Every structure is written in structure tokens, then in C-alpha cells.
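Just need the whole structure built from these sequences, with the hints factored in.
Just so you know, the sequences run in chain order A and B.
Using our numbering, the first residue of the first sequence is number 4, and each one after it goes up by one.
Using our numbering, the first residue of the second sequence is number 20, and each one after it goes up by one.
One or more hints might be untrue.
Unchecked claim - Once the Cα atoms are required to be at most 25 Å apart in a straight line, the calculated SDA-like pairs of lysine to any residue come out as:
| hint | chain 1 | residue 1 | chain 2 | residue 2 |
| --- | --- | --- | --- | --- |
| 1 | B | 381 | B | 280 |
| 2 | B | 275 | A | 62 |
| 3 | B | 275 | A | 92 |
| 4 | A | 108 | B | 374 |
| 5 | B | 254 | A | 16 |
| 6 | B | 280 | A | 116 |
| 7 | B | 381 | A | 116 |
To be verified - Partial selection, computed: residues in chain B whose CB lies under 7 Å from chain A:
| hint | residue |
| --- | --- |
| 8 | 197 |
| 9 | 315 |
| 10 | 331 |
It is worth saying that the hints were derived from the structure and are not from the lab.
Because the structure is a prediction, the values reported are computed rather than measured.
Ideal placement from N, C-alpha and C gives every residue a C-beta, glycine not left out.
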Amino acid sequence: MTPHSILLRQVHPNFVFNGQLTSQAFFPFPKDNGKLSVYDGDQISAKDAYLHYVKVLCHQSCGVWGVEQLEVSEVGLISHADALIDFPSHAVIDFANATEKECRKLAKKLRTLAAARGCLHCEP
Amino acid sequence: MKTQFIQPRFDGERFAEHTLPIEIARDLAAYETLVVELAKHLYLQEHQDKQRVPKGFAADFHLHLENIEPGSTKPMLALVVTGLLALVSSTSTYFERARDLVSECIAAEGSSLPSAFPKELLFHFNQMGRSLRFGESMHLPRAEMSDAVLTPERRKKLVLACDLVYEREVELMGAIEEADWGKSSFRLRLMDGNQTTVPMPDSFHHQARQYGGRNRHLVVVRGVATFDSWDRLQKVIGVESLEIQHNAELAIRFDKLAELKDGWYEGAGLAPPSEALTIIAEKFIAHYPESAPLPSIVPTQEGNLLAEWNALGDPSVDIHLSDLNACFHAFGEDAPDVEQDFMLSSETQWNDFFAFLNQNIKPRLV
Numbered sequence: 004m005t006p007h008s009i010l011l012r013q014v015h016p017n018f019v020f021n022g023q024l025t026s027q028a029f030f031p032f033p034k035d036n037g038k039l040s041v042y043d044g045d046q047i048s049a050k051d052a053y054l055h056y057v058k059v060l061c062h063q064s065c066g067v068w069g070v071e072q073l074e075v076s077e078v079g080l081i082s083h084a085d086a087l088i089d090f091p092s093h094a095v096i097d098f099a100n101a102t103e104k105e106c107r108k109l110a111k112k113l114r115t116l117a118a119a120r121g122c123l124h125c126e127p
Numbered sequence: 020m021k022t023q024f025i026q027p028r029f030d031g032e033r034f035a036e037h038t039l040p041i042e043i044a045r046d047l048a049a050y051e052t053l054v055v056e057l058a059k060h061l062y063l064q065e066h067q068d069k070q071r072v073p074k075g076f077a078a079d080f081h082l083h084l085e086n087i088e089p090g091s092t093k094p095m096l097a098l099v100v101t102g103l104l105a106l107v108s109s110t111s112t113y114f115e116r117a118r119d120l121v122s123e124c125i126a127a128e129g130s131s132l133p134s135a136f137p138k139e140l141l142f143h144f145n146q147m148g149r150s151l152r153f154g155e156s157m158h159l160p161r162a163e164m165s166d167a168v169l170t171p172e173r174r175k176k177l178v179l180a181c182d183l184v185y186e187r188e189v190e191l192m193g194a195i196e197e198a199d200w201g202k203s204s205f206r207l208r209l210m211d212g213n214q215t216t217v218p219m220p221d222s223f224h225h226q227a228r229q230y231g232g233r234n235r236h237l238v239v240v241r242g243v244a245t246f247d248s249w250d251r252l253q254k255v256i257g258v259e260s261l262e263i264q265h266n267a268e269l270a271i272r273f274d275k276l277a278e279l280k281d282g283w284y285e286g287a288g289l290a291p292p293s294e295a296l297t298i299i300a301e302k303f304i305a306h307y308p309e310s311a312p313l314p315s316i317v318p319t320q321e322g323n324l325l326a327e328w329n330a331l332g333d334p335s336v337d338i339h340l341s342d343l344n345a346c347f348h349a350f351g352e353d354a355p356d357v358e359q360d361f362m363l364s365s366e367t368q369w370n371d372f373f374a375f376l377n378q379n380i381k382p383r384l385v
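As C-alpha cells, this is what we get:
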């Protein structure tokens, strides 16, 4: 991964309202210990990441949005590759020990960056 | 004098319990009217020297709902004749012939209607069968033949065989844009952008004045409208009820949130607890400040809510449903962030919360 690698985030349909991407799409699920799962855009395209998430992992996504690794570090977060055996392009944005309120502010910053870039692959 | 006349059978989800929804009575009443009108027509066809049917011909003919048989929703309609009609047995055969002709008309293939059925009576199918919903049907038994089956689609075809539009029941939602007090009607802007004129009773004038032009509050119109063969709305011709839906967009959103089930997010997201969600929904729908922009409201994976605005400072509120605690945050513009927590347990606390939102949710600077 390089500073300009795009980290691809799958967005659940419930996190987009009237076409507006909400920060909940970039808010870490507590069970994941502050780690937000993303795809490494250097290893997989937005379309293939979408297909993997929907067809292989059988989860719901209305589209793929992305942030650059450099942008992630500029908002004060760390991201790194986290390859899994059957999921080599897996990476994470680590919210570490941020409190819920801190997570919300960080998620809003990531949302703004991702929304500016636009949906990289939308649900057909 | 009472004899069994016909035993229609109703099929569809609503009839699975072998009960007959009250509104179906209107279809049966419309069926009775059609049989009477058709019987009159048959009589006059055979008595061309007469201008009118005999006295009491129609007035003494009545269909009564005798019982609903178990095993299906099959109301037995009994023919009850009184007065002179009871004394002239030959007359009642016109009603039986009319019954058979109505069934033949419904069962006719394509547009080849029976020649004995006058086209000008087809408009009665605007009423008969109007209560049937998609997937429902009314079966009229025929001697030694398969049932005549009236479905919403068949009803539409029968009416359109004699007219350019047909009637069906509608529920429309939209904003009141303009009222015409003289004609006692208002222009309804529908959710899809189309518009139509809706007649209103005088009792609705006050609400039309109050909510006209306020596009956040929509009116739900239940009634009857005409549609063309492409099912495009032509005109609202009758209104059964008019109901204001405050903050309709929020109401629709909260309805969607209430449908969530545990596991909605990657098999693990929690659904918002319904009791707390109802409290939040009622407050937002009834009291959300008119001048503040509406938020996007989304669920969180832990079963809470996030309200977020596309406004100055990217304001958001995390609402924890377990303790009705709300955490507001907005980025400051060359100033510290705005952060405030609220408890939402009392009227006063809700009033303070909405007053705060009204003051702090500001449109983006252009």
C-alpha cells in the first residue's frame, strides 16, 4: 500500500439516505475493536470488491466509496494491510482506542472525503 | 318469497379466514344493481312496445346475504321478491337471465362480449369488484361451465371496453399546493412530481389553509380515481378520507427503521428497540422545528440512531435508545466544535433539544 492507495469501503444501504452518504458508513463496529474493514484498492477494483462482498461474503452493499491512505493519516488514523487467508485484499483503518464521540468526528471526516470522491462502484 | 340466487366465491389472502371484509358488501350491492339494470334491459328488449318495465319490477327485487359457508368465503345470495313481482313468476326469470348474462360477460374471452349484454351497462364494473385487490378474485358459478372469474384486471378491461377510463380505489400522498375555496378542491403535488385536483369537504378547509404550501406536511388521500388504460391517474372523483401526515419524510423513515430485524448488518446489527424508537419517532414527527433542515436518520449497528445534517459544520446527533441520551456535535468554523449532550426523558428536555437544533443547524455558506 502507498499513501495514494484507495481504501475501498462497502456501504450498507441503510447508511445512505436520499442519496447522502452518512458517517455511519465509516464508523467502526464495536465488535471489531475499533478496526474498520476496507479493501486495498491496489489489489482489487471497486467493482470486484463489491462482488466479493455481496457474492462471496453474502453481505448487503449499495456501493463502494473510498479514501486515500494519505487522507486517512491526515485525519489522524492509521491504516494498514490485514490480509486474511481467503481475503488477501483485506485492510483496516484503525480507530484504536478512540471514544465513541471521537469515532463520530473521525467518521464524519472520512465520510466528507469519500463523498467528495463519489461512489466508486454503485449497486447495479 | 325467497330462493337461492347465486353463491359467489372470493379468493385471496383477505379471505383465507373464511370471512368477508365489510367493504366487499359494496361489490355485492353493485352486483345487485347491475342485475336489476340488465333485467330491465332484457325485459324492454322483449317488449319493444313498452316504454317502461312493470311497476315494482325493480323495487320488489332484492338480493340478501343469507350466510357465508365454511370451507371458503362463499356468501349465499338469496333472491327475495315482494309485492307484485312475487305474484308474477315469469318476471323473476329476467333476473335469472341477467345473472347468467353478467357471468357470461365476465367469462368472455378477450373483447368478444356476449351480444345480448349492452355496452352501456359495462360502466357498472366501475363499482362491482372495485374492492378487490391485486391477487384477489370473485368467482361466479355457472351451470355446467367453469366459473366466471372477476379480477381487478378483468374489471379494468370490461370498463375500458366502453370508456376511456376506469375507476379504482386509491391512496395518494402529496403536498397541498393550492386551494380553490369556490370549488372546494385543492391541487395535490404527488410524491412522483405529478399533480392532480382533489375535491375536499368543507370540514377540511381549515387544515387545507393550515398545511397548504408547507411541503413537509403531506396529505394522505383515500378515495376513488379514474385511470386510463396505461394506469395513469386521470382524476380523483371521490374522497373517503383526508389525513395530514406531519413531517411525512421523517414518518416514512421511522417506519422503515421499525422494520429492521436483528442481524441486519453483516448478520450482527441490532434492530432499534421498538418502544424507544416509537418515542423518538413521535417526538420528531410531531415537534421537529419547521425552520430547521431535515436530518438523515440512520440506524447504528448497536441498535441506536444517528441523525446527520447536510449543513454548516456537518452537525450530527447520536441518539442512544437505551437511556434516551443524545450527543450533538458540529465542527466549528474557525472556532471550537459545538458539542452538547441532552437527556430526552421529559417534555422540557425535548423542547430544549429541538430549540437547540433550531438554533444550531444552519445552511452551508454558499
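Problem - Hint numbers not upheld by this structure, sorted from lowest to highest - result: 1, 3, 5, 6, 8 and 10
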